[in-house]
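Chain by chain, the residues run as shown.
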Amino acid sequence: MKKHDTPMIDELENGPWPSFISGIKRLRDTHPEKRINEMTNDLLGQLEHSYETRKGYWKGGTVSVYGYGGGIIPRFSEVGNVFPASKEFHTLRVQPPAGNFYSTSMLRKLADSWEKHGSGLVTFHGQTGNIMFIGSTTENTQHFFDEINDYGFDLGGAGPCVRTAMSCVGAGRCEMSNVNEHKAHRLLVNNFTDDVHRPALPYKFKFKVSGCPNDCMNSIERADMSVIGTWRDDIKIDQEEFKKFVEMKGRKYVIDNIVTRCPTNAISLNDDDSIQIDNQNCVKCMHCLNVVPKALQCGDDKGVTILIGGKRTLKIGDLMGTVIVPFMKLEKEEDWERLVEIAEETIDFWADNALEHERCGEMIERIGLVNFLEGVGFDVDPNMVANPRESSYVRTDDWDDEAVKWYEKIDERKKGSA
Amino acid sequence: MGEKAKKEMRTPIETGCPDGFQYMHPTMRKNFGQWKYHEHPRPGVLLHVSNSGEEIWTVRAGTQRILDVFTLRTLCDIGDEYADGYVRFTIRSNIEYMVKDKDKVQPLIDALEKEGFIVGGTKNSVAMISHTQGWLHCDIPGTDASGVVKAMMDELIDEFRNNEMPNRVHLTTSCCQINCGGQGDIAINIQHTKPPKINHDLVSNVCERPSVVARCPVAAIRPAMVNGKPSLEVDEKKCICCGACFPPCPPMQINDPEHSKLAIWVGGNHSNARSKPSFQKLVAAGIPNNPPRWPEATAIVKRILSAYKEDARDWERINDWIERIGWPRFFELTELPFTKYHIDNWRGGRKTLNSSAYVRF
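Protein chains in written order, with our numbering: chain A, 1 to 418; chain B, 1001 to 1361.
Bear in mind the hints are in silico, worked out from the structure with no lab data behind them.
Treat the hints with care, as some may be off.
Have a look at the derived ranges for each label pair, beta carbon to beta carbon [to be verified]:
hint : chain 1 : residue 1 : chain 2 : residue 2 : range
1    : B       : K1123     : A       : S274      : 25 to 33 Å
2    : B       : D1311     : A       : R251      : 22 to 30 Å
3    : A       : Q280      : B       : P1257     : 54 to 62 Å
4    : B       : R1324     : A       : P16       : 49 to 57 Å
5    : B       : K1302     : A       : P7        : 22 to 30 Å
If you only want the chain A side, here are some residues facing chain B, beta carbon under 7 Å, derived [as the list claims (entries may be wrong)]:
hint : residue
6    : G23
7    : L107
8    : L121
9    : V122
10   : M286
As the structure is a prediction and not an experimental result, all values here were calculated from the model.
By construction, the Cβ of each residue, glycine as well, lies at the ideal position given by its N, Cα and C atoms.
Model the full assembly from the supplied sequences, consistent with the hints where possible.
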């Protein structure tokens, strides 16, 4: 095998950060299997060609496994005549275990299967959250999938479908967890396996679950349905720990970094160095808990906030999710069923009403939030807006009926809490 | 497909997302939902303490993200020898090892560093850059995000290893304006600067023309007959060079070796802490797409980081910092030019203008 000269990408082997180019070269130079040596050699050749000409040379196509319509990112080389061993170089998107936990024995098993059928290159994880097995021929995608599917792994989404979901480390390790993130993640995405594997929706739909409003999964900005753990009672305070913190850092630090940083001015430092929190006005931003995790903890009346419609740029520009459910408990079985039902109703309404290639948030932007709420059966709530309408161009035909609905809801709530 | 072949095809088992619980460290399983607080004993290490008093120590390390099986096995070897055989990956593709005993932490760090992995990326560090595939695998890349990331992390490695930033800094890179890399405190993204070049001979065979027309955010594409063939034409004055037409219609080539530039955006923040989540804002464009090491882009990122490190207060993310000091001061401190292209003219863009008498002098 003649190795391609790669003077430009060789430059990426310099410097202290681990080099992916060195990794690909290890496969080319030291892997016992000739197929992998040749495939990675031609991959390096094509990559060098891209570096020299500043252009990409992959094109898509249609590749899937038997029984599914998606889950694989097909890549055919436009310069495959020069680099034949990597002319088919598809990626399999595989759903990771919720929370991205692995045993080393499972990782080894995946590595063994992958080097049997693929290039030997893998990423944990892609931006949507999939394990990306990068570099397989069309034929071998089926063999690799068959093998890993037998021991519990399944493909994720690609194309207009429900995509692989994400959840944070959550209750597994984090004291800020307010919900069983992994349960929410799996209940939601696994309810839609058919919609994951057989793309037939207007466009992609993503679930992301974060255990607290720090939102480590970036769900508000990146998920069509964002589930965020929160609580509605008081922040738990260990005043002795807090006083220790004040003693250690000084009052100025505490005032500058905790009191004045509270977005709703809900925090005071008492004269005895204890902390006082106006819990009714706490918006659960997490800042004070982040600064003093030993003294401040999320409350006990835990649940989730649900936002709908976050997405990145295509087509109309970036959109954040919008609060649809300000708070719901996830304790009893029926609570969890309701969570799934909300997802089902949202996806059904969106599938029926969206234009082709229109994300859920874009549909809401086009039809207005109220039409969406009425479509999926949610009452309006002032938590859904940053502020009420500013434009005076509005018809208020059924104002009196709507006002009655609001008061009835208040009465119901009062009865519920009585 | 013949009957025989059909029979041999294996029907998939639609198990979906596997349960992560089975792969969790036993101490984490035992204390699931029972964690009380955490501490940060040193960069790259987290200590979580449960209500029961049990501890779990986490060591986080940066890797090359695109792993070859040898590297993956090395990471597993370290996990077997020093960390009870359990790992996890963060959203920014760092690997994490969890151990029960404090005594195991230093040997684990030593083993990782010996193999060339970089321990760090916790708290107020510059975290690993979350990124896309680029020329290695994407079908529409304007650059090679993986290469940009490698070159940039070489320069930022000390900020990854230490905790000297006012708050955490999340960097992202994307190879096109679709921006799969996502929002970041600092985002380095390709910016196409010229309308697509159309190969009219191929359009009618390759592209479903109505869906290409529908894909354009500014309605600049229309069907047209060119050289007697059905094709598409672009109103080049309207075109915003976003590249959205390229995926459904590859004969509309948007990538351009000379005119694809990098742009830098700042102030994207996913967290709700202190203020609501925020989108990133354009601060620099026209940066050469200059492989193999993109020195011009790295230089600007370093300038922004150094101004932030110097001037921001504790706990301020980049968006919090700029909110306090104002945009004029940001451009002054970073010595970046402010141009007419910084003024947003997209729908709703008027909300980004200063409609007040708030001016800093």
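Okay, the hints, checked on the actual structure:
Between K1123/B and S274/A the C-beta distance comes to about 26 Å, which sits within the given range of 25 to 33 Å. Between D1311/B and R251/A the CB atoms are about 24 Å apart, so this pair conforms to the stated range of 22 to 30 Å. A beta carbon spacing of about 59 Å between Q280/A and P1257/B agrees with the range 54 to 62 Å that was offered as a hint. Roughly 34 Å separates the CB atoms of R1324/B and P16/A, a value that falls outside the hinted 49 to 57 Å.
Distance hint check: the CB atoms of K1302/B and P7/A are about 26 Å apart, consistent with the given range 22 to 30 Å. Residue-level restraint check for G23/A holds (minimum Cβ-Cβ distance to chain B is 4 Å; threshold 7 Å). Taking 7 Å as the C-beta cut-off, the interface hint given for L107/A holds, the closest approach to chain B being about 5 Å. Hint status for L121/A: holds, given a least beta-carbon distance of 6 Å to chain B, under 7 Å.
Evaluation of the V122/A hint against chain B yields a held restraint, the C-beta minimum of about 6 Å falling below 7 Å. Interface hint at M286/A: satisfied, since its Cβ lies 5 Å from the closest Cβ of chain B, which is below the 7 Å cut-off.
Going down the numbered hints, you'll see the structure goes against just number 4.
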